[in-house]
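Peer 1: Sequences listed follow chains E and C, in order. With the numbering used here applied, the first sequence covers 1 to 560. With the numbering used here applied, the second sequence covers 1 to 245.
Note that these hints are calculated values from the structure, not bench results. There could be a bad hint or two in this list.
When the alpha-carbon atoms are kept at most 25 Å apart in a straight line, the in silico DMTMM-like pairs for lysine to aspartate or glutamate are as follows [said to hold, decoys possible]:
1. E:Lys135 / C:Glu44
2. E:Lys126 / C:Glu44
3. E:Lys15 / E:Asp382
4. C:Lys74 / C:Asp156
5. E:Lys2 / E:Glu311
6. E:Lys132 / C:Asp127
7. C:Lys32 / E:Asp211
8. E:Lys70 / E:Asp211
9. E:Lys2 / E:Asp14
10. C:Lys125 / E:Asp213
Here are the chains, one letter per residue:
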Amino acid sequence: MKVMAQMAMVMNLDKCIGCHTCSVTCKQAWTNRSGVEYVWFNNVETRPGQGYPRTYQDQERWKGGWTLNKRGRLALRAGGRVKKLLSIFSNPLMPGIDDYYEPWTYDYETLTNAPAQQHTPVARPKSLISGKDMKIAWSANWDDNLGGGPTLTADDPVLKSIGEKIVLDFEQTFMFYLPRICEHCLNPSCAASCPSGAIYKRSEDGIVLVDQDRCRGWRMCVTGCPYKKIYFNHRTGKAEKCTFCFPRVEVGIPTVCSETCVGRLRYIGIVLYDADRVLEAASTPDDKDLYAAQRSVLLDPDDPEVQRAAEEAGIPRDWVTAAQRSPVWALINRFEVALPLHPEYRTMPMVWYIPPLSPVVDSLSTSGHDAESSGNLFGAIDALRIPISYLAELFTAGDPKPVRDVLARLAAMRSFMRDVNLGREPDVGIADAVGMTPEDIEDMHRLLAIAKYEDRYVIPTVHVEGADPGVLAHRLEESATECSLDYDGGPGMGGSGPFGETSGGATPIAVENFHMLKQRQTGDTVVDPGDRSKRVNLLNWDGKGEAKDLLPPRAEKDEP
Amino acid sequence: MTGREQLLWVVLPYLCLVTFIGGHVWRYRYDKFGWTTRSSQMYERRILRIASPLFHFGILAAIGGHVVGILVPKSWTESVGVSEGAYHVVALSLGAVAGVCTVVGMALLIYRRRTVGPVFSATTKNDKLMYVVLAATIVLGLVTTVLGNVTGHPHDYRETVAPYFRSIFWFSPDTARISEAPLGFQVHVEMAWLLFALWPFTRLVHVFSAPIGYLTRPYIVYRSREQRPARRGWEPVSRPDQRGR
Numbered sequence: 001m002k003v004m005a006q007m008a009m010v011m012n013l014d015k016c017i018g019c020h021t022c023s024v025t026c027k028q029a030w031t032n033r034s035g036v037e038y039v040w041f042n043n044v045e046t047r048p049g050q051g052y053p054r055t056y057q058d059q060e061r062w063k064g065g066w067t068l069n070k071r072g073r074l075a076l077r078a079g080g081r082v083k084k085l086l087s088i089f090s091n092p093l094m095p096g097i098d099d100y101y102e103p104w105t106y107d108y109e110t111l112t113n114a115p116a117q118q119h120t121p122v123a124r125p126k127s128l129i130s131g132k133d134m135k136i137a138w139s140a141n142w143d144d145n146l147g148g149g150p151t152l153t154a155d156d157p158v159l160k161s162i163g164e165k166i167v168l169d170f171e172q173t174f175m176f177y178l179p180r181i182c183e184h185c186l187n188p189s190c191a192a193s194c195p196s197g198a199i200y201k202r203s204e205d206g207i208v209l210v211d212q213d214r215c216r217g218w219r220m221c222v223t224g225c226p227y228k229k230i231y232f233n234h235r236t237g238k239a240e241k242c243t244f245c246f247p248r249v250e251v252g253i254p255t256v257c258s259e260t261c262v263g264r265l266r267y268i269g270i271v272l273y274d275a276d277r278v279l280e281a282a283s284t285p286d287d288k289d290l291y292a293a294q295r296s297v298l299l300d301p302d303d304p305e306v307q308r309a310a311e312e313a314g315i316p317r318d319w320v321t322a323a324q325r326s327p328v329w330a331l332i333n334r335f336e337v338a339l340p341l342h343p344e345y346r347t348m349p350m351v352w353y354i355p356p357l358s359p360v361v362d363s364l365s366t367s368g369h370d371a372e373s374s375g376n377l378f379g380a381i382d383a384l385r386i387p388i389s390y391l392a393e394l395f396t397a398g399d400p401k402p403v404r405d406v407l408a409r410l411a412a413m414r415s416f417m418r419d420v421n422l423g424r425e426p427d428v429g430i431a432d433a434v435g436m437t438p439e440d441i442e443d444m445h446r447l448l449a450i451a452k453y454e455d456r457y458v459i460p461t462v463h464v465e466g467a468d469p470g471v472l473a474h475r476l477e478e479s480a481t482e483c484s485l486d487y488d489g490g491p492g493m494g495g496s497g498p499f500g501e502t503s504g505g506a507t508p509i510a511v512e513n514f515h516m517l518k519q520r521q522t523g524d525t526v527v528d529p530g531d532r533s534k535r536v537n538l539l540n541w542d543g544k545g546e547a548k549d550l551l552p553p554r555a556e557k558d559e560p
Numbered sequence: 001m002t003g004r005e006q007l008l009w010v011v012l013p014y015l016c017l018v019t020f021i022g023g024h025v026w027r028y029r030y031d032k033f034g035w036t037t038r039s040s041q042m043y044e045r046r047i048l049r050i051a052s053p054l055f056h057f058g059i060l061a062a063i064g065g066h067v068v069g070i071l072v073p074k075s076w077t078e079s080v081g082v083s084e085g086a087y088h089v090v091a092l093s094l095g096a097v098a099g100v101c102t103v104v105g106m107a108l109l110i111y112r113r114r115t116v117g118p119v120f121s122a123t124t125k126n127d128k129l130m131y132v133v134l135a136a137t138i139v140l141g142l143v144t145t146v147l148g149n150v151t152g153h154p155h156d157y158r159e160t161v162a163p164y165f166r167s168i169f170w171f172s173p174d175t176a177r178i179s180e181a182p183l184g185f186q187v188h189v190e191m192a193w194l195l196f197a198l199w200p201f202t203r204l205v206h207v208f209s210a211p212i213g214y215l216t217r218p219y220i221v222y223r224s225r226e227q228r229p230a231r232r233g234w235e236p237v238s239r240p241d242q243r244g245r
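The following block holds chain C by itself, in its conformation from the complex (with noise of 0.2 Å):
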């Protein structure tokens, strides 16, 4: 393993994984009002009805493959009889709809962001630039499985990306098989490993709230006035000579 290889594939991830954890951790306690989805639904509705349920529903459902790709092991859907061609067929052609739902999802979502004045105006710096992580990712990744494809080479990632990125949860990163992997794989997954690094502190962590709770909760809150959160600090000490009025 070289030094190279170590930094990329070892320190690298721990530090985004660390980071991602220990981020969310800090602003969930930090910034629970900044905690939100910030939708800019007020300022522009008509793109945003397609582009954004197209980018949602494709990225849930990329998402989706990437955990059944990435963290169930070939050996199992093997052994239930599942053949490489046909995972191979399926994914792609599952996954091609996702990602081209994505994609062309979020190419509207960016082109509104930039020409509606009013969703321009409320995109800040932190919003652009993870834009650029997001897309970055969300890109490579399709161009290499899409290239990967046409070239009539496709390269099993289940041998290589997958069982890598399991071994970080083991804390015995293969790195090996990483190094196997094509450059556009590579790229993808460091990309990937910056946008988890990036994450808690942009609007994207409004992905872990998702609602779902809602369906099983009862319709109607009810809650006491003395469940308030204390505010932090220190309570007001009450003096007598500023009682009543």
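Next up, chain E with everything else stripped away, as it sits in the complex (with noise of 0.2 Å):
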């Protein structure tokens, strides 16, 4: 047994709300540069849908993750080594900008400048990408709200595979959201299929991450993560992916996704995990007992023997109690109600989902029934066969009965706290039918419908020798307490080393946001020049006041 620790997350999906807070300010902290201007860390779906990129779950096509080959080995799908090797000069399986989204931004200057005239001058669109004048035709969430409609969500690929004719009318469809980040896998396929070994996994907390310096753009990772998780730079030349905002869990605080998170649907915690066993584990068979298998690898922490082999693995005595009071592991292992997103990927994602029993609640409520009884909610779980089939296409490799079970409990919760909320005595068979008992579900509630930020967020600082965390946060404010331009290629730079604009060290980000601002104040082009160092660094922003740059300083007012 080698016990690792890994940092995950759970989305609770009844509660999104489809605002896309979250990846508005994850492009604020990380994305808002050339060269990324497409890219979104964290995105959110509405399912069914095509997704960003576009049908990007379509493995046939795009042959991301892994597959078992003839002889029953876990395989790279696109290929081994030797043919990513052979086809390394150009990547056949790559998607193309149109298959996320042509970039664009307007041109806002005609609306002041422009002569008097009959008309009102109009912005346009223009392509961040060529500079020209272009037709929006897509983006990241082009298909936002449009579940049911049937010309774009027929192409969705999650739909076909369950292979049933689906009445796409709006009067009878569902949807819900799925907001998506690199799910940091146990397993990932984006790092086995890099041929620089510029992907790594830390040891310590399972953040995958991409070392730009040793990066050398071969564009191999884009391919092999099936979530279409990494992208490429088209600038720096450079693959660039969630960092699970590594500087800020380092420190204990959440992400920024999670942080500004309206619904507050995600919970971050560390897991612990049996790393030998990732592999066998990974090589399940039957793809519909990848879900059990992984969910087998996670270690309980409660367990004596698990805390020797932790403390054997050099894992810190307050990693192990995180583990403990992880609510990752709570949803996961205790309540049963976080599945993974496609395990038969298998690459063993670690940002976990509750689905949404919403689509059901709607449907029970607009037909007239109490959606809330119990027995109404139970018989409508397995009527409702659609969402339920779709919904394990997406969780659980196809497997219906995982899904109804979560569901299940989420409406046995809401029958018995509603019998608890209401005074009356709280029908004990509701909690037994699901297999719980009344505690469980009295916690289960207390963390998915009133947990505090304590309780949602257990993140256990980093240990550095020699080193507290606040000497880490001061690293994380660089700007405010160093002088920001103390390093290579810095301000004095313009931004751009001697071998094009790529060149030079990677900024760090508070010097970015810097001359972001800067740059967008006094440049006199359209579109972006072309300089990295543009954007607003929400990346310190712990939730307290307000986030610093993010709102330019009010004028001066004169005295009367």
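Fit chain to chain and form the complex, with the hints in mind.
Peer 2: As structure tokens, then:
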């Protein structure tokens, strides 16, 4: 047994209102630069829908993730090492910019520069790729809220794999939102696909990162990731991906997407797992057993045996304690309501989802039933076969049973807690029906409905030899306390080294922020001139007070 | 040895070689972040799908041919029983295929670079200079070989260029040999020296990151947080008044 710790997330889809705040704040923190205009480390998709990039779940086409070869051994679906090297000069399986979308800005200047004329001047869209006028035809969430629209939804790969004729009429449909970040998989196929070995999994917390100094831009990771959560920065020629906001979680604060989530639907915590068993679990023959296999890799932090092994593996005591308190562990294993996204890709994804009961509840209440009576709910879960099989296709490789069980537990919690809240005698039979105790149900309700910040985010800080979290916090706030000019390729370099815009060192985030504001205010071109120094820094915002630089400073009012 | 020969075949080559080696060392230390292929596949896929493998496999074969033709002495191949005639036929046929692939691939790539808007706007001055020198070197090499054979007087470069090139590495450049070579070969060699000098400062550095190690490394790479290469400059000093929040 080799115990390792993994930073993991659970998202409660019932609470997602599709407001995209997570996406926007993530973009502000990480991808508000040229070269990654089209990149959303966090995006929110409407399901059913095509997703972003379009139809990324169609692995027959994109060949992401792992599969079992003829001998039953785990192999990259896009081909092994030799095939990768032979196709290195042109990767046929890489999505093009059209599969994401062509990013654009607007020619706002004409609004103020236009001469006096009869018609109102118009700010036309300009491509951020070519700089030319363009017709906007797609975006990262073009089919937002169009869950039942037959034109676009019909191409949803998940719907197709259900293999039933589904009525996509608006009045009979269902939809929900699916926020996605990098899965920080236990068995990351992006890392396995990287010819340079630049993508690595951090041994302390399992966060998957791209070493920007070692990445050589071979683009195989984009193909390798079945979730298409690795992106190619077309300016620097390097791969970039969600970092789980590691500078934040290292000091114990949650990721930007979680911090700013309006619905408070995200939970962050660590889980302990047995690294020796990952390969075996990922090689489980039947796709439908992968969900169970994935859970079986996780270790119970309350087990003394595990604790001893964790200590031997050098996992600090407070990390084990954090694993015991982890809301993620509780949702996955104690309440068994969190499911992995597409376990059949065999990457062992570590962002888990509580499937939405809302389509069922909505359907009941619109048809005039009491949507919180356990009898009605339990019956409806089975009757509404299509949402179940759709959810199963997303979360359990098509096996409806675990999904039905989760929805039943959520339904049971609703009915049980209604009685509690109305001061009636709660029906223990409801809890029994889903194999839970009344205490379990109340604990689950507390975690899902009223958990506070400290309960939703149980993030142990990183241990650094000879340093304390204060020092790390200090590093996080680079520009505030250090001279931001103290590095190579800094402001004096004008954002561009001698060998093109990508050379020189990577720029610390706060410095980019500084330059972004300056250039926004002084630039005279419509299209971003291509310097990398442009973004508001939400990275060190902890949710208290106003985010620095998000809004321009207030103009000093003259004394009257 | 005239002063001109001295300059062209001794001083310039050594300057270029020093720049080539020193430049790579320096660039690797200074600019790992800029060390990339700078792929433009995001912008355009269709032409690239054909042109890029054509060019790259062609030039790899051409490089292989140069290694055999220039680094391996003629006496070695003859001692294993390969006659000059046999060598020439093999070298010319394989070389012609590789050369044509390279040139066609390169022509397509340059066409693509010029005509596809986003690719063109991602082309730096540095890239343009590199393209000129690289294309000149390749075209000169191919034209010289083809012309020599078409006119029926193929030049045996293994008697002139090859010994000269090897002598560079013994630090006693055999300028007499290279001076005997036809003008076409001489210009090709000079262009190649220039290309070597330019090499470390262009995107061509990606040649040296050919990911051979991928064949043997384990699929999943684990790295400790502490193995992060330290940022150059001073470590920030923590001040007690700023600890914690």
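Peer 1: Work down the list of hints and note, for each, if the structure agrees.
Peer 2: Hint by hint, here is what the structure shows:
no., hint, verdict
1, E:Lys135 / C:Glu44, "holds (18 Å)"
2, E:Lys126 / C:Glu44, "holds (19 Å)"
3, E:Lys15 / E:Asp382, "holds (22 Å)"
4, C:Lys74 / C:Asp156, "holds (10 Å)"
5, E:Lys2 / E:Glu311, "holds (11 Å)"
6, E:Lys132 / C:Asp127, "holds (23 Å)"
7, C:Lys32 / E:Asp211, "holds (10 Å)"
8, E:Lys70 / E:Asp211, "violated (34 Å)"
9, E:Lys2 / E:Asp14, "violated (35 Å)"
10, C:Lys125 / E:Asp213, "holds (23 Å)"
Of the numbered hints stated above, those contradicted by the structure are hints 8, 9, listed in ascending order.
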